[in-house]
Amino acid sequence: MTASRGVAEPSLVGHYAGPVTRALAYALDSAVSVGAYAVMVSLGIYVVNLITGIGATRGDVPALVWSLGLALWLWLYYGYSWIVSGQTLGMAVVGLRVVRRDGAPLGFRQALVRPPALALSFVTLGFGFLGIVVGRERRALHDVLAGTTVVYGWDARAARLRFLARHPHVAATSAPPVDAARR
Amino acid sequence: MSPRLPRPNLDPVLRLVDLDRVLEHVDVNALIERVDLNALLERVDVNALLARVDLNAVLERVDVEELVQRSDLGSLLIESSSSLGTRVLDSLRSQAVGLDQVLERVVTRVLRRDAGSLPEGPPLLVARSTP
Numbered sequence: 001m002t003a004s005r006g007v008a009e010p011s012l013v014g015h016y017a018g019p020v021t022r023a024l025a026y027a028l029d030s031a032v033s034v035g036a037y038a039v040m041v042s043l044g045i046y047v048v049n050l051i052t053g054i055g056a057t058r059g060d061v062p063a064l065v066w067s068l069g070l071a072l073w074l075w076l077y078y079g080y081s082w083i084v085s086g087q088t089l090g091m092a093v094v095g096l097r098v099v100r101r102d103g104a105p106l107g108f109r110q111a112l113v114r115p116p117a118l119a120l121s122f123v124t125l126g127f128g129f130l131g132i133v134v135g136r137e138r139r140a141l142h143d144v145l146a147g148t149t150v151v152y153g154w155d156a157r158a159a160r161l162r163f164l165a166r167h168p169h170v171a172a173t174s175a176p177p178v179d180a181a182r183r
Numbered sequence: 001m002s003p004r005l006p007r008p009n010l011d012p013v014l015r016l017v018d019l020d021r022v023l024e025h026v027d028v029n030a031l032i033e034r035v036d037l038n039a040l041l042e043r044v045d046v047n048a049l050l051a052r053v054d055l056n057a058v059l060e061r062v063d064v065e066e067l068v069q070r071s072d073l074g075s076l077l078i079e080s081s082s083s084l085g086t087r088v089l090d091s092l093r094s095q096a097v098g099l100d101q102v103l104e105r106v107v108t109r110v111l112r113r114d115a116g117s118l119p120e121g122p123p124l125l126v127a128r129s130t131p
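These protein sequences, in sequence, are chains S and R.
Residue numbers for the first sequence follow the numbering used here, so the first one is 1 and each next one is one higher.
Residue numbers for the second sequence follow the numbering used here, so the first one is 1 and each next one is one higher.
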């Protein structure tokens, strides 16, 4: 066992998450939530047709009803996930979680306010997301409105150790994938 | 009552003695064998000695990555978390976080910020993770 060669690799847990990881998490959540909504709607129409035999199709339902239904579903999808664990499916995959601005676990109020506030960030033609890129605390408009922030929940250092354990031939001094971007 | 004699000054005498030649005749091994090390160690207060050791400073010098590679700790890590899913997730997250950091550097340079003055995370979480 030799002396440390330098500063220990940071774990990044609790650090503000950046725009790439947040965008990736959102893309995954969008795919899952909208996909699930489409499946539920199709299933619902199938059941209605099975029971009533009216032969309804998706085109028979007004667009406004679709939109409101989708909005309600998304509010439920995001709000419930954030209340229960502070993270949605997409955020869990990417390794992120939502916390209060000071780092405390998310509360009920924040989890309910954040989904509609997220819609506002889109309504502002995307300017609501600018804070994630240029803000000191990487907070978007919906984060400011809900009093939240998004942090990494993934331990980069533990991942580095797992990688080294599987690849003993790789020198421990070689730059890990995360920190390679810093150099 | 006998008068007290002044203490003789032996320094001039000792300067004439070649101590190296004297020590050549001393069997150091035999000398050490005569020392009762157990008795000597019994006089050492190990608890007081350990109390003076800064274990955090010692542990900071431990190269954890090399420890993982050289010890069974690595195989323990593999057994506990070596599923394909874990590897895929680690790889995906590493790439995404790496891109985050690249973007952060670019923005910091463009806005001419002092990277050291930017907060790393919320106060409750960063304080907890700082040793």
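FYI, nobody ran anything at the bench for these hints, they're computed from the structure.
As the structure is a prediction and not an experimental result, all values here were calculated from the model.
Warning: the hint list may mix true and false statements.
[To be verified] Pairwise CB distance ranges, derived in the manner of DEER restraints:
no., chain 1, residue 1, chain 2, residue 2, range
1, S, Arg109, R, Leu49, 53 to 61 angstroms
2, R, Asn56, S, Leu43, 53 to 61 angstroms
3, R, Arg113, S, Gly126, 19 to 27 angstroms
Every residue, glycine too, gets a C-beta built ideally from N, C-alpha and C.
Structure-based check of all given hints:
Separation of S:Arg109 from R:Leu49 is about 55 angstroms and conforms to the stated range, judged on CB atoms against 53 to 61 angstroms. Checked against the hint of 53 to 61 angstroms, the C-beta distance between R:Asn56 and S:Leu43 comes to roughly 58 angstroms, which is consistent with it. The supplied range of 19 to 27 angstroms is met by R:Arg113 and S:Gly126, whose beta-carbon atoms lie about 23 angstroms from each other.
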